[in-house]
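Counted the way this note's numbering counts, the sequence shown spans residues 155 to 529.
Do not take every clue at face value.
When the alpha-carbon atoms are kept at most 25 Å apart in a straight line, the in silico SDA-like pairs for lysine to any residue are as follows [as the list claims (entries may be wrong)]:
| hint | residue 1 | residue 2 |
| --- | --- | --- |
| 1 | LYS463 | GLU429 |
| 2 | LYS231 | SER323 |
| 3 | LYS310 | ARG449 |
Derived from the structure by calculation, the hints contain no laboratory data. Quantities reported herein were computed from a predicted structural model and do not represent experimental measurements.
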Amino acid sequence: MPLIFNDSISYNDISHHSQTYRLWPCMSCVYKVEALLGEGTFGIVAKCRDTKTNQAIAIKVNKSRPDLDPDAPNIVKWNGFFHDGERVCLNFKLLDQCLWDYIGDRNNQGLPISKVGPILGQLTNALSHLGSVGIVHADLKPGNIVVVNRHESPVKVRLTDFGLACPASAVNPSDCVGTVGYSAPEVMLGLPYNEARSLGLVAVELATGVPLYPVENECDYLKFIIETQGQPPDHVLDSGVYTDDYFIEDNYKQQRWTFKTEEQFQYETGYPSLETLYIKLKRLDDLEQIMKVRRGPEDDQSLFVSLIKEMLALDAHQRITPSEVLRHPFFNPGLSNRFPCTDIERPHRINLQKRETKVWIIGSSYIRRGENATF
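Could you build the full structure based on these sequences and the hints that come with them?
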């Protein structure tokens, strides 16, 4: 897969003596560079000659950043691809287990704050890295986060499964993407979104051991959000492409949009509303009490909840961005000093199931009598 330069063109000529470039891996390819066709922010386009077929082709060569650690972005490493008939097979580094399994192996009791912080920091780093190159993951959830080695301390994670990822410039707000229960409300309303809310919901699951909104449909998801955080402001609902699917407008009320009743949703969709919550909150501040009940009091629980409230803000314009998360007081020097942490034991696992439709449900053996917590 090397690039061979002819006598009149050198690599430095193509890079204008200012940058170095690399080519994404391909299998058994050798190309001869003949001319520079164009140069942009992220790389160059060169006219090349396939030395096997003598065919003239255009190749985009991305800029190399030798100052970047390939492991720093906390994104799964891609090792190349190959063809199996008409199928394209991707080669990735083998990792240990997904974060959903990692949480389940600890009896879904949640992790200590001292262990949540490092994982949240790594995932923030991954999203910030994607944002710096204009990529949206679009399906952030524990099932798409992989633990490198569950026995390693501190735990390292990688973001994976880019099946829905796309350039930020190509995101169509009217396309509902992601997994119900982890998406932002603006996704269901058909508005531009950021991924800090999905990251915040993953962080809550790390701290409590259970998903905050284990729902089966968008209607129940919005209902539970409203019960916990209140209704999105009218100016957000006014802009939504799909607001009418969930709300009724009444210009004579102070709050002009009213969420449809369960009976209306069932009549319109044919699906009844289901009570699937494991923990019920009257407000996000109650998360601190839930963590104290499940794990006992810990330092920085109040700071963690403060960060979560900023990450779960209903108005995307007021929501903290991934690049701002690490500047929150939760990530202070004291917490950073506790990042090196030992692994914890793996007690009997609770039966938390995940459906093929990419939504979370709770199996009957998961909700044990007397364990539901309402605050």
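Here is how each hint holds up against the structure:
With a C-alpha separation of about 24 Å, the suggested pairing of LYS463 with GLU429 holds against the 25 Å cut-off. A threshold of 25 Å between alpha carbons decides the hint, and for LYS231 with SER323 the separation of about 24 Å falls inside it, so the pair holds. Using a Cα cut-off of 25 Å, the hinted pair LYS310 and ARG449 holds, with the two alpha carbons roughly 22 Å apart.
Violation of the numbered hints given earlier is absent; every hint is satisfied by the structure.
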